[in-house]
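Trainee: Guided by the hints, dock chain F onto chain E, whose structure is given.
Chains E and F supply the protein sequences, listed in that same order. Start counting the first sequence at 1; every next residue gets the next number (this note's numbering). Start counting the second sequence at 304; every next residue gets the next number (this note's numbering).
Hints are supplied without guarantee of correctness; some may be wrong.
Claimed, not checked - List of simulated lysine-lysine pairs, PhoX-like, C-alpha gap at most 20 Å:
1. E:Lys100 - E:Lys7
2. F:Lys337 - F:Lys630
3. E:Lys297 - E:Lys220
4. E:Lys61 - F:Lys735
5. F:Lys735 - F:Lys411
6. F:Lys724 - F:Lys411
7. E:Lys135 - F:Lys493
8. F:Lys539 - F:Lys370
9. F:Lys724 - E:Lys61
10. E:Lys159 - F:Lys550
11. F:Lys355 - F:Lys654
12. E:Lys61 - F:Lys732
13. E:Lys220 - E:Lys298
Stated by the list, open to error - If we take Cβ atoms under 8 Å as the criterion, some of the chain F residues that face chain E in the derived model are:
14. Val383
15. Ser385
16. Gly403
17. Ser412
18. Ala506
19. Phe555
20. Gly557
21. Gln561
22. Ala697
23. Lys738
For the record, the hints were derived by calculation from the structure and aren't laboratory data. All figures in this text were calculated on a predicted structure; none of them were measured in a lab. Glycine included, every Cβ here is placed at the ideal spot set by N, Cα and C.
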Amino acid sequence: MMTQEAKRLRRKEGISAGLMLSPSLILLLITSIYPFFWLFRYVLYDYNGFVAYFTGLDNIKRAFTDVVFWQSVLHTFEYAICKLIIVIPLSLLLAVIIHKNIPGSKGFKMIFFLPTVISASIYALIFTFIFAVFKGPLNTVLQSMHLISAPIDWLGDAKWVMTSVIIVAVWGGVGNYMIYFLSGLSSVSSEVYESCMIDGANARQTFFKITLPMLSPILKVILLLAITTAFKDYQSIMVLTGGGPNNRSQVMFLYIYQLIFGSTSSFNIQIGYATVLSIIAAVIIGAVTVIYNKFAKKLDDVM
Amino acid sequence: MKKIVLIAMLIACTLSLVFASGSQEAAATTKTEKTVVEIWTNDRHDAEYMSKVVEDFNNSNDKIEIKLTTIVEDYPNMLVMSYTSGNAPDLFYMNARGTGFDLQTFVKSGMLEAYPESLLKDPEFEKVTDASKHIVEGINAIDGKPYGIYNVMRSGTRMIYNVDLLKKSGYTEFPKTLEELVDMTIQISKDGNGEYYGISTCASAQFERWLEGIINKSGIYHYDYKNGVFNFDGYKEAMLLAQRFFKEGAMFPGSNTQGVDAMRAQFANGTFATWGNASQEAGVFTDQFPIKDFEWAVTELPSLDGTTKGTVDSRPQKGLFMFSSSKNKDAAWEVVKYLNSESVVKGYVEKGYALPLSIYMQSVVDMSKIGRLADFAPVSYEGLYPSVPAVSVAGDSYAKAIWNCIVSGTDVDKCIADLNKRYNEALEKDIKLGKVKRVVIANYDPLNPNAGEISYLSK
Chain E
1 MMTQEAKRLR
11 RKEGISAGLM
21 LSPSLILLLI
31 TSIYPFFWLF
41 RYVLYDYNGF
51 VAYFTGLDNI
61 KRAFTDVVFW
71 QSVLHTFEYA
81 ICKLIIVIPL
91 SLLLAVIIHK
101 NIPGSKGFKM
111 IFFLPTVISA
121 SIYALIFTFI
131 FAVFKGPLNT
141 VLQSMHLISA
151 PIDWLGDAKW
161 VMTSVIIVAV
171 WGGVGNYMIY
181 FLSGLSSVSS
191 EVYESCMIDG
201 ANARQTFFKI
211 TLPMLSPILK
221 VILLLAITTA
231 FKDYQSIMVL
241 TGGGPNNRSQ
251 VMFLYIYQLI
261 FGSTSSFNIQ
271 IGYATVLSII
281 AAVIIGAVTV
291 IYNKFAKKLD
301 DVM
Chain F
304 MKKIVLIAML
314 IACTLSLVFA
324 SGSQEAAATT
334 KTEKTVVEIW
344 TNDRHDAEYM
354 SKVVEDFNNS
364 NDKIEIKLTT
374 IVEDYPNMLV
384 MSYTSGNAPD
394 LFYMNARGTG
404 FDLQTFVKSG
414 MLEAYPESLL
424 KDPEFEKVTD
434 ASKHIVEGIN
444 AIDGKPYGIY
454 NVMRSGTRMI
464 YNVDLLKKSG
474 YTEFPKTLEE
484 LVDMTIQISK
494 DGNGEYYGIS
504 TCASAQFERW
514 LEGIINKSGI
524 YHYDYKNGVF
534 NFDGYKEAML
544 LAQRFFKEGA
554 MFPGSNTQGV
564 DAMRAQFANG
574 TFATWGNASQ
584 EAGVFTDQFP
594 IKDFEWAVTE
604 LPSLDGTTKG
614 TVDSRPQKGL
624 FMFSSSKNKD
634 AAWEVVKYLN
644 SESVVKGYVE
654 KGYALPLSIY
664 MQSVVDMSKI
674 GRLADFAPVS
684 YEGLYPSVPA
694 VSVAGDSYAK
704 AIWNCIVSGT
714 DVDKCIADLN
724 KRYNEALEKD
734 IKLGKVKRVV
744 IANYDPLNPN
754 AGEISYLSK
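The following block holds chain E by itself, in its conformation from the complex:
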């Protein structure tokens, strides 16, 4: 039987928890949930921010035949998969090396983390200079190492543009995930490693048999965050290429952004149509997340 005092304490805790949660809940309602439902208002309209014209199912029909949009969906998957394949193992590797506390590791940790605190549009702008064709630093270095014979048009050539935006994405994201992994690594008890050493395990065995399984709970969270972020990335691509050349680097959210806010040389404002695409994009990302969660559960059973 719970005493009166315990009941009172529990009620008090409930109230204070509610109060402490309320700012986040209110913000979530205003900035995430309300705008999501707001989207549905204009699905059947051609809306330019001033006047809404009823167009029936035109926006929905157009969405299913819009070649640029479906190309942008494919590009988003291409971008996200390539980015994740590189950024996750790389950040884990960096975290493991830095965790060993070798001399200078603190400095490296800071350097790797630095891109996270710089605005994506700023570092993308810097990369446009690095990628410059005419006497650009990257081309000059590659040419001096005899790796390429002629300068590459990193941002203007359809063959190379996706590689370029992925390089920038990896550079911008690796430090962030490295910090997540480092916090995961610090939670693994040193005694486990000590007993490992006593048992004669080598570095490879320690990593695959101890570190990785012990990291699995945090790895799942990091992967989930990385997947949703990669699918929603568009800021650096907007600065680097604006989706070009010929829409080769156009991704879902950049296309939607251009339709909502207008783009001087691309579109005039088409909010109604953009809301339909936003809903489709949300469904796509939702589906990817659900699939990942199922996969992650299976991962649990195996590990």
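Mentor: For chain F alone, kept in the frame of chain E given last:
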């Protein structure tokens, strides 16, 4: 104890807020004698001069006070938001064809106040602005009613070139036709041997920057004003020629994805010979990236056959528009009159910010004070086309689609057929919705597009 400190701090904060607002109110009441006219602008380059103009007015006028605010980001959206939230300024500046600003939508939504007859008939106002000559449908007027009057202008596009690089390749004169320009720039790139190139573009407004001006000067426009439909057929010849810039190595490599300032810096560094842009480049190449190591010159755009058959878009600037929500309309019109007075406009032009718009002002301004801006002096075939219906097109805009076709060297006919189809489908759909009207000009003359009789059709 902690609780007491916390409560004391809360009380102190609340009291300070109460007293602060009280003192603000007190301050406001002492200033109520003057009517405040609030103006928004998105121009930063002239801020120093405009602040002085405002200060002079505020010091000499004891009834009206001007408050000038610069809005840098997202200007048209900020204007809309200010109006819908009831915080709109009395007046705002907008240049002709300002990015993101659609006059039709603003007027249709009842947001703007038309210029009063009394001001338009004021001889001094007319003398400085030539207002009656610069009322263009869809740009600053709807149904003949003007909502904004400009007083200065940016020139139409010109070709700016490196005289030394042209000479090195044996050119003493700038080409008169697009084909000659293509041949010349290919030759310069060959002579440059990877050190310098013939011509360049940049990442923004690539097609509009100079190529579209060349097409328009040849009497070709993407909207057929006689029949009220979009028609891109005339662009074919220029597109085929422009593809050679890329195929045959005339274009500065990678310039297609570089920012405008990066390419200006390259031009000032002598790494390419030809750059197309309007009169703002006068300031760029004298102050921002001053050219010291070579001679540079400015010339008119070439055309397809070397003759002038059409209008090249110029950009009247500094148009003041009034929000219908203004509570101080009379005072605001007074301010409009002051900001369009001879001394204010003369000072503005002589500072080198823009070119004079009216014939009278061209005669009063001391052109020796404006430096290289004089090279961009207005020419007879520069003007404004009436606004084309702003349709919601599915897919890329014509400028983007045409430029993509030029850069990638793909089928020009296919690109033009696709544009004709998409633009006219969008036009018919938007007319049906009542969103836009078909613009038709009887007796349309490409050299004088505003002279014909304009009608707006709902079918």
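Trainee: Against each hint, give a clear statement of whether it holds in the structure.
Mentor: Structure-based check of each hint:
1. Between Lys100 of chain E and Lys7 of chain E the alpha-carbon distance is near 48 Å, which puts this suggested pair outside the 20 Å criterion.
2. A threshold of 20 Å between alpha carbons decides the hint, and for Lys337 of chain F with Lys630 of chain F the separation of about 14 Å falls inside it, so the pair holds.
3. Distance hint between Lys297 of chain E and Lys220 of chain E is fulfilled; the C-alpha atoms sit about 9 Å from each other, no more than 20 Å.
4. Taking the CA atoms of Lys61 of chain E and Lys735 of chain F, the gap is about 18 Å. The hint holds against a cut of 20 Å.
5. A hinted pair counts as satisfied when its Cα atoms are at most 20 Å apart, and Lys735 of chain F with Lys411 of chain F qualifies at roughly 17 Å.
6. With a C-alpha separation of about 28 Å, the suggested pair Lys724 of chain F and Lys411 of chain F falls outside the 20 Å cut-off, and the hint is violated.
7. About 18 Å separates the Cα atoms of Lys135 of chain E and Lys493 of chain F, which keeps this hinted pair within 20 Å; it holds.
8. In summary, the hint linking Lys539 of chain F to Lys370 of chain F is not supported, as the alpha carbons are separated by about 50 Å, beyond the 20 Å threshold.
9. Taken as a hint, the Lys724 of chain F and Lys61 of chain E pair is honoured in the structure, with Cα atoms around 18 Å apart against an allowance of 20 Å.
10. With a C-alpha separation of about 17 Å, the suggested pair Lys159 of chain E and Lys550 of chain F falls inside the 20 Å cut-off, and the hint holds.
11. Annotation: proposed proximity of Lys355 of chain F to Lys654 of chain F holds, straight-line Cα distance about 13 Å (limit 20 Å).
12. Between Lys61 of chain E and Lys732 of chain F the CA atoms are separated by roughly 14 Å; this keeps the pair inside 20 Å, and the hint holds.
13. A distance of roughly 11 Å separates the Cα atoms of Lys220 of chain E and Lys298 of chain E; the hinted pair therefore holds under the 20 Å criterion.
14. For Val383 of chain F, the suggested interface contact is upheld, since its CB lies about 6 Å from the closest CB of chain E, less than 8 Å.
15. Evaluation of the Ser385 of chain F hint against chain E yields a violated restraint, the C-beta minimum of about 14 Å exceeding 8 Å.
16. Hint status for Gly403 of chain F relative to chain E: holds, with the closest Cβ pair at about 6 Å, below 8 Å.
17. Because the smallest distance between the Cβ of Ser412 of chain F and any Cβ of chain E comes to about 5 Å, under 8 Å, the interface hint for this residue holds.
18. Using the Cβ-Cβ criterion of 8 Å, the hint placing Ala506 of chain F at the interface with chain E is satisfied: the shortest such distance is roughly 7 Å.
19. This hint holds: Phe555 of chain F has a C-beta 6 Å from the nearest C-beta of chain E, less than the 8 Å allowed.
20. Given the 8 Å rule on beta carbons, the hint for Gly557 of chain F holds: about 3 Å separates it from the nearest Cβ of chain E.
21. Against a cut-off of 8 Å between C-beta atoms, the interface hint on Gln561 of chain F holds, since the closest Cβ of chain E lies about 7 Å away.
22. Hint status for Ala697 of chain F relative to chain E: holds, with the closest Cβ pair at about 6 Å, below 8 Å.
23. The beta carbon of Lys738 of chain F comes within 5 Å of a beta carbon in chain E, closer than 8 Å, and the hint placing it at the interface holds.
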